[in-house]
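Given two chains presented individually in distinct reference frames, assemble the corresponding complex, making use of the accompanying hints.
Read top to bottom, the protein sequences are chains A and B.
Take 1 as the starting number for the first sequence in the working numbering and just add one per residue.
Take 1 as the starting number for the second sequence in the working numbering and just add one per residue.
Derived by calculation from the structure, the hints in this document are not laboratory data.
Even for Gly, the Cβ is constructed at its ideal location relative to N, Cα and C.
It cannot be assumed that every hint is accurate.
Said to hold, decoys possible - According to the in silico footprint, chain B covers these stretches of chain A (three or more CB under 8 Å from chain B): (1) 72–83; (2) 122–128; (3) 146–159.
As the list claims (entries may be wrong) - With a Cα cut of at most 20 Å, we get these calculated EDC-like pairs of lysine to aspartate or glutamate: (4) A:Lys227 / B:Glu136; (5) B:Lys112 / A:Glu127; (6) B:Lys162 / B:Asp69; (7) B:Lys162 / A:Glu127; (8) B:Lys162 / B:Glu126; (9) A:Lys7 / A:Glu189; (10) B:Lys131 / B:Glu182; (11) B:Lys86 / A:Glu127; (12) B:Lys86 / B:Glu60; (13) B:Lys209 / B:Glu178; (14) B:Lys162 / B:Glu193; (15) B:Lys162 / B:Glu82.
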Amino acid sequence: MFEFIQKYGLFYLLGGWPETEMGGFAGTLILAGVGLGVSFPLAILIGFARTSQNPVFFIPASIWVYTLRGIPLLMILFWAYFLIPELTGRAMTPFSTALAAIIIYESAFMAEIVRAGIMGLPAGQTEAARSIGLGYWQSMRYVVLPQALVNMIPSFVNQFVSTVKATSIVYIIGVSELTFVAQQVNAIEVTNPVRTFIVLAFFYFIPCWGLSVLSWKIERDIGARRKAANVPSKEIRI
Amino acid sequence: MTDTIRDTMVEIRELEKYYSSFKVLDGISGTVNRGEVIVICGPSGSGKSTMIRTINRLEEISSGRIIVDGRDIHDRDYDINELRSKIGFVFQQFNLFPHLSVKDNVTLSPRKVAGMPVREASELAEHLLEKVGLSEKLNAMPASLSGGQQQRVAIARALAQKAPLMLFDEPTSALDPEMVGEVLTVIQQLAEEGQTMMIVTHEMGFAGKVADRIWFMDRGSILTQSPPGDFFNNPEHPRVQKFLSDMLH
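The following block holds chain B by itself, in its conformation from the complex (with noise of 0.2 Å):
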């Protein structure tokens, strides 16, 4: 049991949101271990931004429980900043902050909210964007560069926190088809690293690489979860099925 616990990075527990009467999430239950990528796809308006963003309390829920690194997410006692601090997002519109340099905008979290001293925040800042590949661009202003560019700064904002669970919201959505590949890349090299992460896509070359398991959404729910292997060549659900043959043609 405790094993288990220890093991479990995400629990979800029949979650439910409404947008007035419309059902957006209906019942969505799932868990992620530690270490685990899960790649969520399915079709426009199934709900895939909106369950990832409840996870990090960007949306609130109707009912249901999540439970992250062992604690829920709704307790009244877990403060709301703490539980942020502790899971990276990535935005599909990058959403960096354009009044800060890229080292500016990678030292926010670790100096105003971890507190670090500043030359520590600069290495560990110098460290991300190395990792990313971005170097040079560290004095750059964000307006300065690609979209590209802009989402691998987004990353290392969000390593920055050094958080045990990473979150990314449709990465390369925003993307001209030419800077889809450099952003992939740093995802697929932190799935190799051991990352724990969730990532909402449209990329299935990219889920077939970088997924433990991929959850299948439609309609608010979870209708499959499988390894890339089922989910691709055999699929059983027939809206799978449909889906992957759209996405063919």
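Pulled out of the complex, with its shape left as it was, chain A reads as follows (with noise of 0.2 Å):
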């Protein structure tokens, strides 16, 4: 097992790198952080306009939300990699194609989590705060946003961890993540793929359980400061 990470570490941590793109175990890493890091400002919009008594918003934002929950990743990514050269002329990168597919299909999950969060709040919360003369946008922004976000970060973690691991179905347009390493290393090897998928497990393993660690943190700190007696006041805040 040693010689094997010694042999194949670097590689499952980074693909070809340098000699090609960034790929392995950063590739993963990569693709979920930036997908997640564009999709989640896109959900709150998403999720904002679905909470939405106007139509103009409410329509939109739910056939979006209804078509892309309706049908898996594995579909809009072949959508994505034939459709989008096709319309616009231009071949691109299957990595870009991958990010691309799941930025559009995990604003649709986390649209739902933004517009859970904010219906699940009390009425009495926002009743207040348009009571004392906060307007939409600021009951939002002082109000609603600041408790429906908390309320969110399970379900949230849950979504980015399904994340990490939905990227592995990217490599099959040939993006050179950590699934499509670790099926390189076994190609390579021939014998043993059982060692060789064990590591794989064990890299999806470590951010994932790593996030639901983080999650419990952040939890466990705003419960306690929710509670609190006495607040130092350099923490106030609004």
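Okay, structure coming up:
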């Protein structure tokens, strides 16, 4: 095992880099990180639109969410892979294609987390915010979102974890991420695939487990802060 | 004529509200003078809360007019946030913002709605918390407070708007019995200072002490509007007589 790690460790971590583009575990993290980083603000906008009374916002957002939730990521990936070059007349790298698919897909799922977080707050919070004279956006910014985002943390972490794992599917269009690298190792080694794929599983497990630990800590800290009898005044921010 | 306008804080005319075909408010009319304390009582489901919530437009109405401080609140030109900033509202469930300290709960409206500088808003918060007897809770989070304390903070938060009108929607109904008194004392103090208030409550003893007039509501209508003396001692309306005798048992 030690020999195996020594031989392929760096390959698992970085793929063919620096000879080829950055891949392997780093590629997976970039794909998941950038994918979530871009889809998160999108999801907040779509989630808001989903809670809107105004059909101009509500209807397109709902179509977006229902359509994307109803089809597999793999299909979105194929669409992006074949359709985008067709439409734009330009070839996209497999990595950009995969990233686009992940952003589109995750924006729909995370938008529903945002919607549930906003709708899940007691109506009295919005009523109180509006009653003291705050406008709609002020209420959202100072009262609704700070609470709703905290309530969304467990669902978001769940979604982050599932996204990290879901990136494995993009090996199918030749993105040199972690699973793709493991396939290559397997092709080189030929024997002992169990070892190759146990190492692969281990690499996926680490960030997912890390995210879970992080979410426990955040929730615990916020829970403690909410019950504090004395908040140090320098922490007070509106 | 000008005097009546100046002395009238709230004027409600022929208010009606339907929930689909059910008539919750059925022709409510009434006037609240500046400095007056109106207590609204009546059986559950009589529309008391719905009525008081129409005054700051937490509830919309089907027909009728509401004039607050000389302006029709449903006027298209009247910004709803401006209207609400002139009305303090205290809820049954307190509705403090749990992610903000007591001080931030109180200073939020002065700072973000009235545009008050931070230091001035902090001083205002300190003053108001002292008024409701909670100076030492300035930096506490709402979850560390008892129900009665939370409701007193909610009153301070509403007072921070320096609103000419304060509305209370069953302010003690969600409290443990031993905490009712501390909240009522604060409201009574406001009454003595001449704050115009409308209070929905089931606390009849308190109503007798603070009310200038008691509006008795049943099935979406105001049946009687009378000073507490008449209301308790010579209730003419049989529905009021029944209500009062039910309260005693």
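Each hint tested on the structure:
1. Given as covered by chain B, the stretch 72–83 of chain A fails the check, having 0 residues with a CB less than 8 Å from a CB of that chain where 3 are the minimum.
2. Counting residues of the stretch 122–128 of chain A whose C-beta lies closer than 8 Å to any C-beta of chain B gives 5; at least three are required, and the coverage claim holds.
3. With a threshold of 8 Å between beta carbons, the proposed coverage of the stretch 146–159 of chain A by chain B holds, since 3 of its residues qualify and at least three are required.
4. About 16 Å separates the Cα atoms of Lys227 of chain A and Glu136 of chain B, which keeps this hinted pair within 20 Å; it holds.
5. Between Lys112 of chain B and Glu127 of chain A the CA atoms are separated by roughly 16 Å; this keeps the pair inside 20 Å, and the hint holds.
6. For the hint linking Lys162 of chain B to Asp69 of chain B, the alpha-carbon distance of about 14 Å falls within 20 Å, and the restraint holds.
7. For the suggested pair Lys162 of chain B and Glu127 of chain A, the alpha carbons sit about 19 Å apart, so the restraint of at most 20 Å is met.
8. This hinted pair checks out: Lys162 of chain B and Glu126 of chain B have alpha carbons roughly 14 Å apart, not beyond 20 Å.
9. Annotation: proposed proximity of Lys7 of chain A to Glu189 of chain A holds, straight-line Cα distance about 11 Å (limit 20 Å).
10. For the proposed pair Lys131 of chain B and Glu182 of chain B, the alpha carbon gap of about 12 Å is at most 20 Å, so the pair holds.
11. Note on Lys86 of chain B and Glu127 of chain A: the hinted pairing holds, with a Cα-Cα distance of about 15 Å set against a maximum of 20 Å.
12. Among the hinted pairs, Lys86 of chain B with Glu60 of chain B is consistent with the structure: their alpha-carbon atoms are about 18 Å apart, no more than 20 Å.
13. Among the hinted pairs, Lys209 of chain B with Glu178 of chain B is consistent with the structure: their alpha-carbon atoms are about 19 Å apart, no more than 20 Å.
14. With a CA separation close to 13 Å, the supplied pair Lys162 of chain B and Glu193 of chain B stays within the 20 Å bound.
15. A distance of roughly 13 Å separates the Cα atoms of Lys162 of chain B and Glu82 of chain B; the hinted pair therefore holds under the 20 Å criterion.
Checked against the numbered hints given earlier, the structure breaks only hint 1 and satisfies all the rest.
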